[in-house]
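Protein chains in written order, with UniProt numbering: chain E, 1 to 154; chain H, 1 to 154.
In short, the hints are calculated from the structure, not lab data. Just so it is clear, the structure is predicted and the values come from calculations on it, not from any experiment. Backbone N, C-alpha and C fix where the C-beta goes; we use that ideal spot for every residue, glycine too. Wrong hints could be hidden among the right ones.
What follows is a set of in silico ranges between Cβ atoms, one per label pair, in the way DEER data are often shown [to be verified]:
no., chain 1, residue 1, chain 2, residue 2, range
1, E, ARG103, H, SER106, 55 to 65 Å
2, H, SER23, E, GLU128, 32 to 42 Å
3, E, THR41, H, GLN69, 17 to 27 Å
Now the stretches of chain E that chain H is said to cover, found in silico as 3 or more residues with beta-carbon under 8 Å [to be verified]:
no., segment
4, 7-14
5, 19-30
6, 46-53
7, 70-77
Number of protein chains: 2
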Amino acid sequence: MSQAAQGIDLDTSLGYLLKEASSALRAAMEAVLRPLGMTVTHYSCLELLAQRPGLSNSDLARGAFVSRQSMNVLLQSLERDGFVVRPADEAVGRVQPTRLTPRGRSSLAQATEAVRSVEQRMLSGLTERDQGEARRVLRSLVASLRDPSGGVVG
Amino acid sequence: MSQAAQGIDLDTSLGYLLKEASSALRAAMEAVLRPLGMTVTHYSCLELLAQRPGLSNSDLARGAFVSRQSMNVLLQSLERDGFVVRPADEAVGRVQPTRLTPRGRSSLAQATEAVRSVEQRMLSGLTERDQGEARRVLRSLVASLRDPSGGVVG
DNA sequence: TGACTCATGTCAGTATTCTGACATAGCCTC
DNA sequence: GAGGCTATGTCAGAATACTGACATGAGTCA
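Generate coordinates for the entire structure from the input sequences, incorporating the hints supplied.
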C-alpha cells in the first residue's frame, strides 16, 4: 500500500513483466527470422494462413495484431512475390480469401522450424504444469482486458 | 506430435498467447492515456524516472523497450514541454541524468491512476496466488530467452 | 602514455505502422 | 424495397520507431 499510493512498481507489475516477456520473445523471433528474410508479422501471416486457409485481410490483421492497412500492404508484397494468392473468383462480397502457394508453404516450413526452437528455449525452464498455468492466466488477462464490464469495481 | 510436426498451434502456443495479452494490454493503455495526450512510451518514460531518478537516455530506452534514438527524440520533446530536465552540470562523461519536473510529476500522477485502473481490470480474474505464479512464469520466460546457453538441446 | 574496447548521445535517412477517409457489400429492421 | 448499421478493402498522409553512422568519454591493459 505504501508503494501503491505513489506509482506502479515496475519490479512487480504484471503489466511490465508482460511487456518485458513479449519484447524478449519478439527480439528472439526477429533474430532467427532475419536470416530467412522474414519479419515477425510476415511469419505470423503465413502461419495463420497455414492453419486457417482462406482468411481475409481483416481476419489476418486481427490475428497478427496489426491494422487492416498494414496487413494489406504486406499481402500485396506476399502476392507479388508468389507466397500467397487471392483468387478473385473466390471473393464473396468485399471479402477476398487468401491462400498459401506451394512456395509460401515451403518458405513457412523453414520459419516454423526456427520459431519452434525459440519457443522451446523460452519454455525450457517450465514444467508442463507451469505451461498449463501460464496459458490459463494469460487467457484470463486477455478476457478481462477485452470485456468492458470486467474490473474490480464492476 | 501430430500437430507439432506441421506448424505451431496458435490456439495453445504460449508465444502467441503472450503476444495476444501484451497487445490487449497496450491497446487498453492507449485507450486511457490518449485522453491525457500521452502515449505508452511517453508514460513509461515518466514512470521510470519517478522510480529511478537520474536515469540516462540509454537506461530509459532499455526500460521502455525502445531504441536509444527513439527515446532521445521523446526526451527532447519532454524537455521542451517542461516535463523533464537534463541539468548539464550533473553530466558525468557522456551520461546526462534526467529528472522529472513538478509538472512532469503531476502529469504522471493522472496517468498512473489511469494505468492502475487498467492493470486492476486485467488482474480482476486472478487470485493473489495466480498473480504470484504469473510473475514467476514470466520471469522464467524472460531469463530463458535472454540466456544464450538456455534451451532444450543445450 | 597509447591503443583498444565499450557505452553513450546524437544526427540523418529509412522503414514500418497507424489514423483518417472513402466506396462498396452484406445484414437487419421497418 | 428503403434506410441505417456494420464490416471490408483500399488509398493517402502523418506519426512513430528503427538502422546506420559518427564523435566523445570511460575503462582496461600492455
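**Message:** Taking 8 Å as the Cβ threshold, is the statement that the segment 70-77 of chain E is covered by chain H upheld or broken by the three-residue rule?
**Reply:** violated (count 0)
**Item:** Distance restraint hint 55 to 65 Å, applied to the beta-carbon atoms of ARG103(E) and SER106(H)
**Value:** 57 Å, holds
**Prompt:** Quick check: the segment 19-30 of chain E, covered by chain H? Criterion 3+ residues, Cβ under 8 Å.
**Reply:** It holds, with 11 qualifying residues against the three required.
**Message:** So is the segment 7-14 of chain E in contact with chain H by the C-beta rule, three or more residues under 8 Å, or is the coverage claim wrong?
**Reply:** holds (count 7)
**Prompt:** Quick one: are THR41(E) and GLN69(H) within 17 to 27 Å, going by C-beta?
**Reply:** About 22 Å separates the Cβ atoms of THR41(E) and GLN69(H), which means 17 to 27 Å holds.
**Prompt:** Okay, the segment 46-53 of chain E and chain H, do three or more residues pass the C-beta test at under 8 Å?
**Reply:** Coverage by chain H holds for the segment 46-53 of chain E (4 residues, Cβ < 8 Å).
**Prompt:** That 32 to 42 Å hint for SER23(H) and GLU128(E) (C-beta), does it hold up?
**Reply:** 26 Å, violated
Violated hints for the displayed structure, listed by number in ascending order: 2, 7.
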